[in-house]
Amino acid sequence: MGILRLLLLSSLLITTAVVESRPISWSGGSTLMYKTNSMISSYYYHFSPSYQYSIGAEYINDRYFNEQYINIRSTYLLDRKNTKSSQRNLYLTGAVSTKKSEDFYYGIHGDWETRRYFSSFSAINKNTVSKDFSEYEMQLGVAPYLGDYNELHTWVMIKTKKDTLNNEWDTYPFMKLFKGDFLLELGTKNSHWDLHFMKRF
Amino acid sequence: MYKIFLAFIFLFTGSLHAMDNPHDHGSHKHNNMTGVDGSKTVLDQKIYNEFIADLGTSQVVIIDVNGMVCDFCARGIEKTFYDDKLVKKVLVSLEKGKVLVAYDNAKKVDFGEIKNIFLSNGQSATGMILKKIT
Numbered sequence: 001m002g003i004l005r006l007l008l009l010s011s012l013l014i015t016t017a018v019v020e021s022r023p024i025s026w027s028g029g030s031t032l033m034y035k036t037n038s039m040i041s042s043y044y045y046h047f048s049p050s051y052q053y054s055i056g057a058e059y060i061n062d063r064y065f066n067e068q069y070i071n072i073r074s075t076y077l078l079d080r081k082n083t084k085s086s087q088r089n090l091y092l093t094g095a096v097s098t099k100k101s102e103d104f105y106y107g108i109h110g111d112w113e114t115r116r117y118f119s120s121f122s123a124i125n126k127n128t129v130s131k132d133f134s135e136y137e138m139q140l141g142v143a144p145y146l147g148d149y150n151e152l153h154t155w156v157m158i159k160t161k162k163d164t165l166n167n168e169w170d171t172y173p174f175m176k177l178f179k180g181d182f183l184l185e186l187g188t189k190n191s192h193w194d195l196h197f198m199k200r201f
Numbered sequence: 001m002y003k004i005f006l007a008f009i010f011l012f013t014g015s016l017h018a019m020d021n022p023h024d025h026g027s028h029k030h031n032n033m034t035g036v037d038g039s040k041t042v043l044d045q046k047i048y049n050e051f052i053a054d055l056g057t058s059q060v061v062i063i064d065v066n067g068m069v070c071d072f073c074a075r076g077i078e079k080t081f082y083d084d085k086l087v088k089k090v091l092v093s094l095e096k097g098k099v100l101v102a103y104d105n106a107k108k109v110d111f112g113e114i115k116n117i118f119l120s121n122g123q124s125a126t127g128m129i130l131k132k133i134t
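Those protein sequences? They're chains A and B, same order as listed. Read in this note's numbering, the first sequence has 34 at position 34, and its numbers run on one by one without any break. Read in this note's numbering, the second sequence has 96 at position 96, and its numbers run on one by one without any break.
Check each hint, because a few of them may be wrong.
[To be verified] The calculated SDA-like cross-link candidates involving lysine to any residue, where the alpha carbons are at most 20 Å apart (straight line), are: (1) A:K84 with B:K107; (2) A:K81 with B:S120; (3) B:K79 with A:L195; (4) A:K84 with B:N66; (5) A:K179 with B:L91; (6) B:K46 with A:N150; (7) B:K88 with A:Y149; (8) A:K199 with B:T126; (9) B:K79 with A:R22; (10) A:K100 with A:D62; (11) B:K79 with A:Q52; (12) B:K115 with A:D79; (13) A:K84 with B:K88; (14) B:K79 with A:P49; (15) A:K84 with B:V87; (16) A:K84 with B:L91; (17) B:K79 with A:D181; (18) B:K88 with A:N150; (19) A:K84 with B:F111; (20) A:K84 with B:F72; (21) A:K189 with B:N116; (22) B:K79 with A:L152.
Calculated directly from the structure, the hints in this document are not laboratory data.
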């Protein structure tokens, strides 16, 4: 497998660690995340000093390239609109890596949701030692039933994403479950399971 | 496919405009009360009765909230209110878009303070009413 192909594969997998739902907690709140797929695992902790931004550190264990590094990540809320039945958000996000000083990314992330429907998009520019490229992602979701507070909530989601390295959209379904302070995302892509666990406190 | 991405953003922003002016039909069984800021608050009597059933002498605040569409995003509301030792009970209703808070009578209820609690959690408190339980 050529080095370019390895880089492409790696970039696709790293994409899953870039954007997640609920990137900022309540003022003074913390979030702990664990994510794993066929090639990498990551642990991410972030703290929200206010409802407008969060800052955190993500430890990444790249099993494919056998390397470990830390991303220092931050997200800033650019705009929020609350209505009785919906909320929309626009975020600025970015990170620097301990791997190389040239490794960093930045971009925007927006979402809109009601109790029934969810949609989001992101556009991220990544700078690496070997390549600079952009990543685009969209998510759509629907809740098959409407749970109230403290009940189990279930979302059926679909995600599509691509980067400017291979210019192909990669689309796959996943499920999102949450109850109380716990959230679990479970998806399958290329015959491998993607797992994303989140706890707020 | 880049056009699909742009189209999605276009639809996303369009849906925002459509959803920014919701129309709430309310429910058939409700209790009409005028909020401190003059707004109308509609609350199911059943929810209210269940909430106050085991309360002693208290003050109950019924708060209208915008942006409370997700359980996971609303977790901080309960936590922040319970930081106040004078809070006896909190109930979050995603369905009604309301939060009920029971305070000890010693509490001086301030809508500005309540608005800040919701703001710090990412939602907006748009009105409230205060009822005394004797």
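Here is how each hint holds up against the structure:
Our distance criterion of 20 Å between C-alpha atoms is broken by A:K84 and B:K107, whose separation comes to about 28 Å. For the proposed pair A:K81 and B:S120, the alpha carbon gap of about 14 Å is at most 20 Å, so the pair holds. At most 20 Å may separate the alpha-carbon atoms for a hinted pair to count; B:K79 and A:L195 exceed this at roughly 28 Å. Proposed proximity of A:K84 and B:N66 is supported: the alpha carbons are some 4 Å apart, at most 20 Å.
Restraint check for A:K179 and B:L91: the C-alpha separation of about 16 Å stays at or below 20 Å, so the hint holds. With a CA separation close to 19 Å, the supplied pair B:K46 and A:N150 stays within the 20 Å bound. Between B:K88 and A:Y149, the direct Cα distance comes to roughly 18 Å. Compliance with the 20 Å bound is thereby established for this hinted pair. Straight-line distance between C-alpha atoms of A:K199 and B:T126 comes to about 29 Å, which puts the hinted pair past the 20 Å bound.
Proximity of B:K79 to A:R22 is assessed by CA-CA distance (about 17 Å); at most 20 Å being required, the pair is judged to hold. The straight-line distance between the Cα atoms of A:K100 and A:D62 is roughly 15 Å, inside the 20 Å bound, and the hint therefore holds. A hinted pair counts as satisfied when its Cα atoms are at most 20 Å apart, and B:K79 with A:Q52 qualifies at roughly 18 Å. At roughly 18 Å between alpha-carbon atoms, B:K115 and A:D79 fall within 20 Å of each other, so this suggested pair holds.
At roughly 26 Å between alpha-carbon atoms, A:K84 and B:K88 are farther apart than 20 Å, so this suggested pair is violated. A threshold of 20 Å between alpha carbons decides the hint, and for B:K79 with A:P49 the separation of about 16 Å falls inside it, so the pair holds. Under the criterion of a C-alpha separation no larger than 20 Å, the hint pairing A:K84 with B:V87 is inconsistent with the structure, at around 25 Å. For the hint linking A:K84 to B:L91, the alpha-carbon distance of about 17 Å falls within 20 Å, and the restraint holds.
For the proposed pair B:K79 and A:D181, the alpha carbon gap of about 11 Å is at most 20 Å, so the pair holds. For a cut-off of 20 Å, the pair hint linking B:K88 to A:N150 stands: about 18 Å separates their Cα positions. The hinted pair formed by A:K84 and B:F111 meets the criterion: a straight-line CA distance of about 18 Å does not exceed 20 Å. Annotation: proposed proximity of A:K84 to B:F72 holds, straight-line Cα distance about 17 Å (limit 20 Å).
With a CA separation close to 42 Å, the supplied pair A:K189 and B:N116 exceeds the 20 Å bound. A C-alpha spacing of about 19 Å is found between B:K79 and A:L152, which places the hinted pair at or below 20 Å, so the restraint holds.
The structure fails to meet hints 1, 3, 8, 13, 15, 21 from the earlier list, while all remaining hints are met.
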